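Chemist: Protein chains in written order, with my numbering: chain A, 19 to 845; chain B, -9 to 342.
Simulated from the structure, these hints should not be mistaken for laboratory data.
Wrong hints could be hidden among the right ones.
[What the hints assert, rightly or not] Below, a sample of chain A positions facing chain B; criterion: calculated Cβ distance under 8 Å:
#: 1; residue: Pro197
#: 2; residue: Ser376
#: 3; residue: Ile496
#: 4; residue: Pro512
#: 5; residue: Arg537
#: 6; residue: Gly544
#: 7; residue: Val601
#: 8; residue: His604
Note that the coordinates shown come from a computational prediction; the quantities given were computed from them, not determined experimentally.
Quick reminder that beta carbons are idealized off the backbone N, C-alpha and C, glycines included.
So you can see what is in the structure, the chains are spelled out below.
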Amino acid sequence: MIISTNWLSDYIAHGLSDDELSDHLTMCGLEVESVDRIGNDLEGVVIGHVLSAEKHPNADRLSVCKVDVGEDAPLNIVCGAPNVAAGQKVAVATVGTTLHLPSRDNPEERVPVTMKKAKIRGEVSQGMICAEDELGLSGAHDGILVLDDAAEIGRPFAAYLAEQGTSTTDTAIDIAITPNRPDAISHLGIARDVSALTNKEICRPAVAIPDAGGSVSQEMSVVIEAEDMCHRFVGIMVKGVEIKESPAWMKQRLIAIGLRPRNVIVDITNYVMYECGQPLHAYDADTLADNKIVVRKAEGGSTFTTLDSKERTLPDDALMIWDGQRAIGIAGIMGGENTEVTENTTNVFIEAAWFDPSSIRRSAKALSLQTDASYRFERGVDAEGQAWAAKRAADLMVELAGGSLVDGMIDEHPVPYEAPVIGLRSHRVIDVVGAEIASDEMARLLTAIGFGVRDSASDAFTWDVTVPSFRPDVEREIDLIEEVARLFGYDNIPEPTHSRIPNFTPGIAVDRQLRERLRDLLSGVGFRETYTNSMLPLETAERFNDAALPGGRFGGGVVETLNPITTEMAALRPSLLPGLLRVAGHNQNHGQQAVRLFEFGRVHTKRATNRTLVGDYTETETLMLLTSGQWAGQHWQHDVRDADLFDLKGVVDRVFSALGLDAPRYKDREASDLVAWGVDILSGKRWMGSLVRVSDAIADEFSLRNDGLVAELDFTALAEAAGATILPRFTPISRSPTVERDLAVVVDAAQPAGPMLEAIRRSGGDLLKDVSVFDLYEGEHVGEGRKSLAFGLRLGADRTLRDKDVDKVIARVVSSLEKEFDAKLRG
Amino acid sequence: MDQTSQPGAAAAHQALEDLKADIEGAVLDTADAIDAYRIRYLSRKQGQITALMKRIPEVAPEDRKAFGQAINAAKQTVEERLEAATAALAGSAATSAAPADLTLPGRLQPEGSLHPITQAQRLITRVFENYGFDVAEGPEIEDDWHNFSALNFPPDHPARDMQDTFFIEDAEQDHGGILLRTHTSPVQIRVMEEVMKDGEPPIRVIVPGRVYRNEAISYKSYCLFHQVEGLYVDEGVTMADLKQILHAFARTLFGEDVRMRFRPSFFPFTEPSAEVDIWWKDENLPGGGRWMEILGCGMVDPNVLEGVGIDSEKYTGYAFGMGIERIAMLRFGIDDIRILYENDVRFLEQFS
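Okay, chain A solo, but in the shape it has when bound (with noise of 0.2 Å):
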């Protein structure tokens, strides 16, 4: 909300700067966005005399004027408006001055220009001759201002406006108002946080309010229904009013705050909501059926024109405002275009009303529909603030519009405003502060901002604290301790000089650890980690929500919010390959030749599972590995070479080892719309992610210059294996020496070296310690049709071993190979 600094003196004399004013505000809890200086200071604006004005010889519409402005020699100025004229006192813009003027292309928009002095049509001009407009005073535009005679020739025009009462600059402060503070969404409710932070006293305009009844309710009557929906309505009549312009500081102060003048009715209505909070409207007196207002829901379902000329489907329950014959208003929300104020309105009823701020703010989400009006009702207007609202309204249409006032108000008050009182401890006050505040010094704060403190008949520490109308969100004890504590000062709490801290043994974080410990391992060893969106278009999960990836291995369907900012993000990501694909494409269309990326991040599966937390929902974590493009650069020694699946898969067995778990196996998977070629990646049996080479027509899709080459791991299962492993055990150094044995065998080209490696594993028993692949040969020496793997084991125990002993497990070995892949042993 904006305030004007102006407009806040009428109410207080705080006698504080813009700067002063908005640091007391913020550190009371309202929130200063900005601070705007408006106006101009019209510095070099004096008042002149216009001793002659002669038509310009070259231009039928400019004249030139002779001007005195106090100086030695009269100015000679041309000037444009058809109403100048000899004699006349005018507000002359000298030579050099600044004022901000209406753009051409744009009249709201204002911009900087300097008088300077200049030929206009062979003339010589030495200054402007001002209009309303060019001074900032008001959009009028028809001539220049034309000043009473007795304002003194040189005088700054400033200064003699301000003898007028009026400001010619101001300062608008826009405030973040939370949710709590119901009671500073107003001029005077600010003013009353001033007035307790500086002591000073608030000035409230004077306003007699009526007595219920008289000539009013024979004019017109009000029947609430809806008693629950609608504590009160408070209906004022004003007739005869003249419907024009407002006052030029009326609508200063409105564009001020950033509202737009319309006519001095709904003006007015707009300045008594910004000056005291409560919302009114400004009913067509004589459009009103039947005499007659009723407060009552709607029917769901059936539809209204509000002002604004909208048709809009109404909500269940949305709470109306209706007379005679049908609805008028959404109450609360906005008026109907039935009954609103025109240029031929004569007659008005003011409605000041207190509705259920429950009821309001869920027919205005019903409706997405947030008015000035239903943002103050939704936060809960001040009680018992009606009355003097819609009379203040009605006083200022009397003065501004030429209206005459009905006596008498309409008053229906089915649920009367009882003031809550909340017991306060002066102890507790301390004991969640944290702070010695005294316990006189609690009562005066709170009594400053309007709430009536006693001694509590009960209990000698306890105070008895009555809240006033105006604060409906104080309903606690710790509401009032905030109370105490925003009006102390949280700058004045002291801190500590010790830090407690509990005898307690924070847990391991298993997952935290190891994610971390793998982020290092990654970045360590040349890649780089990346964030990527969470959400994507719909049509995009679902192509990655595929059996080949973590997420899509649930089987589940994607999930959609009900509410995306775009069709862009409709989804959440069932896995991390698209946000990882697209950073790469990104980075290769920007130069880099090698790409090598990670990310952890969460992904989404709409099926329950063992893993489900909410909902139907499975939320896993995986770890994402993509390289594509050159594994090693230019270099003198050696050549470029690309990324192979290899690369990666050494990659992916660090990790795993990092993780204190047993080397991987690797199994191929099928091609998919997805993946060209790959593998799985399995734990003992346990399924922790793929290995793959993705399809041309993906990478192609994401603008990818290489082979993309990835892999995504199920880190929640990686990290739920590795839990066990987080803390190394040491198993004693056997002091015997290793033995190296070399093995070369043939086989059918066609037969994979895994199932190999693992047979060689399985048969080697507990003396072999390791088996390599370190030779891979195809050709003449084999045969056709076949290949030479030759195998490096080394094996070992706590004790020497015999010859014997490797021969043994050697035969072994080798009959296994025989037997499971028709091997034959290499000479």
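Put chain B on the given structure of chain A with help from the hints.
Modeler: Only chain B this time, still in chain A's reference frame:
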């Protein structure tokens, strides 16, 4: 003199002198040369020293002793030279194998990096872990209860508008709706529920994690970001304790002389609530800087404690939450949040 005039004697003496000269003069700069030298002089079968020994009888008897000693001296010279040459060769092996150009670039290990969000998160969590906080995590898809209701957001209350929410399932009669969590605070509830199953406070935990907001994307806001949440519930916890821990945090991240201020604010789940600003020096600004909000905090609302079965008269607590991106942007001087999610390598490599 007769003896010296023996015909073989002069030749033997001459052979000794030649041998000595050869022994002194031979060039021993390679392993092969050294081997050949050893064989030429010391070999038992063909060595010249052995051969010369055999010629002692040719020398006059009275000279034989001196002749023998001279041969031994020569032999000693051979051995000394062999030793020196072997040592010299070993010492010069590296030198002789030196690459022609030592200024050529080395074989580079590829450079990796941790994302600045991870780096900022580590900075933040490390501070609180040092102060004895546990670390917990929770789900990103949450229910209305944990994200709102249990945190004292009443239904139909404007406080719910403070956090624009992505909904996944609307509220129905049997459950309260499912959504993407808008903050990490629901994990407070999960942690307290867990503790209260079979225990009591103290609870002292921080919660890092990803959260979602349905807001227009701009340089200062993204549809998701990361938070670190903190919660301490115990007997006798006060707002003064909260100020102290957060001041300690700010000093660690922003320097010993950091200026910070607590200003009143509103969050449904804390009361009193505050926002914390630090003074950000910037000589280009009037006043030499400005206040920058870094986190929100407050004393845990009694409704929240009671909602999970904690006696709010006996226990009090504080909670705080901060945006990791915001801290990262402040610390690293990043002015557009979107660049964090673009992952351009030219950006990432600045954090290597």
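Chemist: For every hint, state whether the structure bears it out.
Modeler: Structure-based check of each hint:
1. The interface hint given for Pro197/A holds, since its Cβ lies 4 Å from the closest Cβ of chain B, which is under the 8 Å cut-off.
2. Interface restraint check for Ser376/A: the shortest CB-CB distance to chain B comes to about 4 Å, inside 8 Å, so the restraint holds.
3. A distance limit of 8 Å between C-beta atoms decides the matter here; for Ile496/A the minimum to chain B is near 5 Å, and the interface restraint holds.
4. Hint on Pro512/A holds. Least Cβ distance to chain B is approximately 6 Å, under the 8 Å limit.
5. Hint status for Arg537/A: holds, given a least beta-carbon distance of 6 Å to chain B, under 8 Å.
6. Interface hint at Gly544/A: satisfied, since its Cβ lies 3 Å from the closest Cβ of chain B, which is below the 8 Å cut-off.
7. At a threshold of 8 Å, the smallest CB-CB gap from Val601/A to chain B is about 4 Å, leaving the interface hint in force.
8. Annotation: interface hint on His604/A holds; nearest CB of chain B at approximately 7 Å, less than 8 Å.
Consistency note: the structure conflicts with none of the earlier hints.
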